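Asker: Put the complex together from the two separate chains, hints included.
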Amino acid sequence: MKYALKSAAAMAAFSFILAGCASAPEPSPRLLAAEASLRVAKSDADTMESGRAPLEKAEIALRDARESYMGRETDNYEHSIRMGEGYMQLAEARGGQLEANRKIASLNTERADIVSEARRLEVARAEAATATAQAATANAQAATATARAATVGAEARANQSATVAAAALADTAAARADQAAAEARTDALRAELAGYEQQKTALGVTLILRDLQFTSGSAVLGAGAQGRLAPLAAFLAKQPDAKIQIAGHTDSQGGDAANMDLSARRAQSVAAYLGSTGVDMSRINAIGMGETAPTSTNDTAAGRAINRRVEVTILD
Amino acid sequence: MRIAFAMAAALLGGALMASPAFADPARDNLLRAETQIQALNPADSSAAAPVDYRNAMLRLDEARAAEGRNKDDESLRRSNEAMLYAEIVQEKIKLHGLKRTVSEIETGIATLRRELVS
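Going down the list, the protein sequences come from chains A and B.
According to the working numbering, the first sequence is numbered sequentially starting from 1.
According to the working numbering, the second sequence is numbered sequentially starting from 1001.
Bear in mind the hints are in silico, worked out from the structure with no lab data behind them.
Stretch-level coverage of chain A by chain B, calculated; a stretch enters the list once three of its residues show a Cβ under 8 Å from a Cβ in chain B:
1. 83-93
2. 108-118
Pairwise CB distance ranges (calculated):
3. B:R1032 - A:A53: 12 to 22 Å
4. B:T1101 - A:P25: 45 to 55 Å
5. A:R111 - B:A1065: 43 to 53 Å
6. B:A1039 - A:A53: 13 to 23 Å
7. A:A158 - B:E1115: 52 to 62 Å
8. A:R157 - B:E1115: 52 to 62 Å
9. A:R63 - B:T1101: 33 to 43 Å
10. B:T1101 - A:A135: 39 to 49 Å
Reference excerpt, derived from the structure (chain A facing chain B, CB under 8 Å, subset only):
11. H79
12. A100
13. I104
Because the structure is a prediction, the values reported are computed rather than measured.
All C-beta atoms, glycine included, are put in the ideal place defined by N, C-alpha and C.
Isolated chain B, as found in the complex (with noise of 0.2 Å):
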């Protein structure tokens, strides 16, 4: 009896492994990588790193044909350097806006100084 049910068990869990949701690494990059690039401010995303985000949509668009093609390594590295162009596109957002910030401070010093010298 015990062994009967562990069997079971073992089969239901085989089962549940080789479900779609389980089993299609590719797949699942690819969603995170769409996710990922979704959450990206486009005008935002435009301004800081106009290339890295253009190669990332450019390797997401890969990835999906490549899925389409059934080809899951070459999706799952191309949803790969898709998320990873994301990455840089995010760093290079908070760069840019630290940057402007560095921009805005300075603006301001000086300011501060022509006032006190007037």
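Bound-form chain A, shown alone (with noise of 0.2 Å):
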């Protein structure tokens, strides 16, 4: 009896450490992994607004996870864990949903925004080309304009130039019609004057007269040489305008001063001749050679006799 009583005693006690045991075990590492997820989804903003129905289903199902657990129903504890942790994966992707929207519209706002500034970079510039195209319009206005005024200077110019050339021509004409006029009183000297021996020379026609009288050793003219002079005076008084020149020449006999005062004599005398015959003194200029222009040799009779002259230039 007392047997029985010791072994119903240690029966009970094993049977209450047993049933110790086995109303607290300890809970599984999933199973608490589970909860703290579930703790942290609570806390998630986001989760919480777009997935409160399954955080809910997942909270009973990990609740009845933990009693199946602690009441040993495997079976009944894997689906619960299964159900509460596949609850919590819903709840998360709809939160994860949740952000990415309100990313999308946060980001749809800042395209618009971009787009809006590049719009607005366009219209400027847009309204810059048009300024740089009416610039550049303005200057092809400017450059028109400045063609248009060359032309017109050029024109003027043109106009210009063609009545230069015509005064040059008026001038040419002019020049020829003098020429002409002075090839004609040429002539006309030459015609009139044909008595006296004459040569061309860049002041005008000259007359040599190698045969004028003079007394030896003097300006004195002789007495044929007025005769000889008189064509050229009554030239003279024809021509009023004419202008002439009497350079008197001798040969290289004598002296050189005195050659070359009686050779201004002798033109002076010719000069004084002239002048008796109504001639102009202001018409007539006399100068005295000398012997420094001679046409021949001095050496022999005959070519002095030609260097000792009076050329008388009429004057163009």
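Answerer: So, in structure tokens, the structure goes:
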């Protein structure tokens, strides 16, 4: 009996220990992890906002899982914890969707702002391009105006050139007319003064009088000299504008100074005679050349006769 | 007469309720799970939620097996799990698409900004 009581007490104690161990098993790491994940998910605003219903189901499922685990209902526990974990994933996915949708909305706003800015810049660029085009047009117009002005100037210059050319032509014509007149006068002179030896020089037409007689060694005209000068006097009377230069020349006989003096006085004598016929003395320039401009040799009598002369140049 | 009619109606209702179409929730749940999983696009599912997709099909197979063993409770639980995984896959596919959209918009914005700067 005593043994029976002892055995019963021992059995009771063992049962109590077993019951204590069975009633409070340690939760599985998986269950603890799932419960921790649930707490985290519930603290996330997005997950709570969009996944409230799944989270509530997850909470219920995990509570069932804990009870099943404690009750050692393995299949029940496995099912409940799977459902709890699954509902949490569902809630997290919906929370992620909410966050993504918010991000998309924000990005769309950002993109719209950028597009708006791009359009504003495009408008600004277009306005700048228009302004540039207008400036280019203005420049082109200015260039056109300048070109027109240049054309007008060129035309004016052309007209001026034409005028100048016309004037030049007129001058040329006048010069030719003068030349023609001079040639005509020369021809007339030659005709009227045919009795004199003539030579065209740079100054005009020169009459060479070698046979004009002077008293030897003096400047006094000989008896025949006046008759020899008569045609010249008549010509000068008919040509009141004509001017003459009278140059006396000697041979080399005698001194230079004396010859210079003699030639000057002989030229003056001729001038005096012409003045006596009515020719204004202002039209006459008389000079002595002495022996400085011989036209032949002074070594022979014939040559010296050629060198002794009076030249009357009718100036052009 | 009225009593006889009422009894006949009650018997008919009871018979209908007892028929397989109304009395096998495990089988109905299994069919719903199959339909839900078949509706998933395999490519999208594999890309967005490969583990969950695999779990859904695994649980469906287990549900079928349990149903074959006449383990209705187990089949019911596995098909419920399969439907939950299928729903997770669907939500993750949506999330994947949204993330792709975010990425595309961000790329577009970066391109726009480059164009603006240049």
